[in-house]
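Number of protein chains: 2
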Amino acid sequence: MIKVETPSAKYQVFAGTGLIDSLQPRMVKVLAGMGQKLPRRVFVLTSPEIWELWSKRFLASFAVEPVVLLLPPGERHKNLRSVEKILRQMAKAGGDRSSLLIAFGGGIVGDVGGFIAAIYMRGISYFQVPSTFLAQVDSSVGGKTGVNLPEGKNLVGSFHHPLAVFADMELLSTLPDRELRAGLFESVKAGMIRDRSLLRYMEENSAKILGRDPAALEKVIAASIRMKAEVVGIDERESGLRMILNLGHTLGHAIESVTRYKVLLHGEAVGWGLISSLYLGKMRATITEPQFQRLMRLVYLYGPLPALRLNAQKLVDATAKDKKHLGNVRRFVLPVGLGDACVVEDVSGAELLEAAQYMLALAKPLPGKAGA
Amino acid sequence: MIKVETPSAKYQVFAGTGLIDSLQPRMVKVLAGMGQKLPRRVFVLTSPEIWELWSKRFLASFAVEPVVLLLPPGERHKNLRSVEKILRQMAKAGGDRSSLLIAFGGGIVGDVGGFIAAIYMRGISYFQVPSTFLAQVDSSVGGKTGVNLPEGKNLVGSFHHPLAVFADMELLSTLPDRELRAGLFESVKAGMIRDRSLLRYMEENSAKILGRDPAALEKVIAASIRMKAEVVGIDERESGLRMILNLGHTLGHAIESVTRYKVLLHGEAVGWGLISSLYLGKMRATITEPQFQRLMRLVYLYGPLPALRLNAQKLVDATAKDKKHLGNVRRFVLPVGLGDACVVEDVSGAELLEAAQYMLALAKPLPGKAGA
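For the protein sequence lines, the chains are A and B, in the order given. So the first sequence is residues 61 to 432, counted in my numbering. So the second sequence is residues 61 to 432, counted in my numbering.
One or more of the hints may lead you astray.
You can't tell identical chains apart in this list, so a pair holds if it fits in one copy or across any two.
Stated by the list, open to error - Each computed DSSO-like pair below joins lysine-lysine, with the alpha-carbon atoms no more than 27 Å apart: (1) Lys116 / Lys381; (2) Lys424 / Lys381; (3) Lys63 / Lys145; (4) Lys70 / Lys381; (5) Lys63 / Lys279; (6) Lys213 / Lys279; (7) Lys70 / Lys268; (8) Lys279 / Lys268; (9) Lys152 / Lys279; (10) Lys63 / Lys152; (11) Lys152 / Lys322; (12) Lys381 / Lys97; (13) Lys213 / Lys322; (14) Lys268 / Lys213; (15) Lys97 / Lys152; (16) Lys322 / Lys374; (17) Lys145 / Lys213; (18) Lys213 / Lys152; (19) Lys374 / Lys152; (20) Lys322 / Lys145; (21) Lys63 / Lys89; (22) Lys424 / Lys116; (23) Lys213 / Lys116.
Just so you know, the hints here were simulated from the structure itself, not pulled from any lab data.
Next up, chain A with everything else stripped away, as it sits in the complex (with noise of 0.2 Å):
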């Protein structure tokens, strides 16, 4: 169990095997310790193939069945208007003001639901139950929720903290390879920017993570989720500390937006983006050469990251509508050493545009086969 502590709330990550079977009698306890009851009226938002994977589990240890919120699955659903629809659907439903929800599926699920939870009757409780990798060991834990607008991703958003976040290995199991993969990105600039140990263990023991051996996950998992929970609680609103999570994620934005997030996974551009940030910190000096090539080696073992076929200016003109940016400042990550980052703001464009044409290098698409 990892505690996270920011100025606006505290709240437990509990991360294990068979969450799901007890969610019930697991939040009664939550709400107890807080002098809460369970609500008359609560809601799961989820996806319909989650659901239809987990629903009998899910729902055994509910006494009141809850009502079940259904999201489309895709980038595309994550926008106001699906909020609409499912605001309306609670309203329909007798939501009130103490009503709780709970956020059962992926990413999308989570900061869709968190920020229904936000906004419906001006704040109501949420719980996560984060079902793929990448939203156990990142989006689950930290408070931030939201949706895009046409003109970008999470354009559009609230901070609002679930109550408490049950990260179950277990869903795990019918998770595709490549999200693991794809997930596991996350955890590797977990390790890079804050827990040298991680670093290490996933360089000795990446066989066994990838062959989901359950005790090799749950370590990977509740190292990454400690290393979140650190960072925000110490900066909750990304005014400084907070930044750090961003290593690999400008030029991983930037190829997601060029691509249109119709190529890669989130973690996959994010992988892409920390090779391009190792690079910089090459350049810079905050990493030797040896510590360089032992972070690429460590990247290259949780691949193989897709191929890409890009133009290196246009990722450096999609950098510039990241909403990281305050104004004209660029802000930019670095590795520094092996478990510690900084961030800077003199990275120039010609650095970035050196930095996306090494990562784009690597990854043009071999002889043969087609690329993005």
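With chain A's structure known, arrange chain B on it following the hints.
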């Protein structure tokens, strides 16, 4: 100048004449007090009418012209569609996390503007410049923001406080007489629940107040804001004391809902609601017969209230949908003597029906006149 101090925010409400001519320096001063500067991008959300009347004077003090966002007038535009449209305009105009929003208009502009500021890039700063009496004394203070769903009013929103509120009496010079009278019922309410001297002042100076004597208006507005600031400071999230602000609002909201918000202004519905609350207070002996008579007279002083022809049972049924109700508990605010109020949870349907009948008998259209 009135200070608002809640657990999550501290800000000031400036009430005066001619503030609109010096908004930029005033805002710069507030920002400087927080170690911030006026950002590159400033947005003004306003309604076409208000902007037509006041844009010249509003803009005169701004070195760089703000980006104007227009919200068409009327409750039917207070919805998520309008919110999405405005958020997209902001994204297109290059709004970032440091951008600032000014909500310049009546209650709807304030509610929508505050909500947009709450969710754009997970929250940006904003100022309130309320242009109606009602918005000045009520909705611009307290941090409640939001929009309607087809299923009910204000079902979606956030708590998000402005950096400051600038209530300029001069803006009231173009306010229709009916809107002024309607807004004054919120001040009558303010006096009833917490300010005996405001009650007396409004009893003794109705001619001056309705004649828009600047000193008299300023006195009523400042006292009303002070009352609200105090209550909100004690109970930001409406878990207890803040409930008393709903005196007259249970049946007031029911009237608005049954007439689909088309017949009465909000303040007028509150006026009728206050009458039923006074009746219930008399029945339950929380006010004496002479106090009842005196407070009834005060409500009438700020009339005329538009006639109504409604079914009492329908009104009572409509109160069940009020989002202030938690589960099956029906909360009701009663006046206690002169200048105090309490919340009770045991008002029966029969009592409420009697109060509605009493009020509707008074609200009946006069012979030969058409009512709602």
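Structure-based check of all given hints:
1. Lys116 / Lys381: neither (43 Å within a copy, 33 Å between copies)
2. Lys424 / Lys381: Classified as within: same-chain Cα gap 25 Å, cross-chain 60 Å, threshold 27 Å.
3. Lys63 / Lys145: Neither way: Lys63 and Lys145 sit 34 Å apart in one copy and 39 Å across, limit 27 Å.
4. Lys70 / Lys381: neither (33 Å within a copy, 33 Å between copies)
5. Lys63 / Lys279: So Lys63 and Lys279 pass the 27 Å test inside one copy only (16 Å; across, 50 Å).
6. Lys213 / Lys279: neither (31 Å within a copy, 47 Å between copies)
7. Lys70 / Lys268: So Lys70 and Lys268 fail the 27 Å test inside a copy (33 Å) and across (53 Å) alike.
8. Lys279 / Lys268: within (11 Å within a copy, 73 Å between copies)
9. Lys152 / Lys279: Neither, since 43 Å and 43 Å both go past 27 Å.
10. Lys63 / Lys152: neither (36 Å within a copy, 39 Å between copies)
11. Lys152 / Lys322: between (35 Å within a copy, 23 Å between copies)
12. Lys381 / Lys97: Answer is between; shortest inter-copy Cα gap is 22 Å, intra-copy 44 Å.
13. Lys213 / Lys322: Answer is within: at 13 Å inside a copy they meet the 27 Å cutoff, but 38 Å across does not.
14. Lys268 / Lys213: neither (34 Å within a copy, 54 Å between copies)
15. Lys97 / Lys152: within (23 Å within a copy, 45 Å between copies)
16. Lys322 / Lys374: within (17 Å within a copy, 53 Å between copies)
17. Lys145 / Lys213: both (20 Å within a copy, 16 Å between copies)
18. Lys213 / Lys152: between (29 Å within a copy, 13 Å between copies)
19. Lys374 / Lys152: Answer is between; shortest inter-copy Cα gap is 19 Å, intra-copy 46 Å.
20. Lys322 / Lys145: both (25 Å within a copy, 25 Å between copies)
21. Lys63 / Lys89: Close inside one copy (16 Å), not across copies (40 Å); limit 27 Å.
22. Lys424 / Lys116: neither (45 Å within a copy, 57 Å between copies)
23. Lys213 / Lys116: Neither way: Lys213 and Lys116 sit 33 Å apart in one copy and 36 Å across, limit 27 Å.
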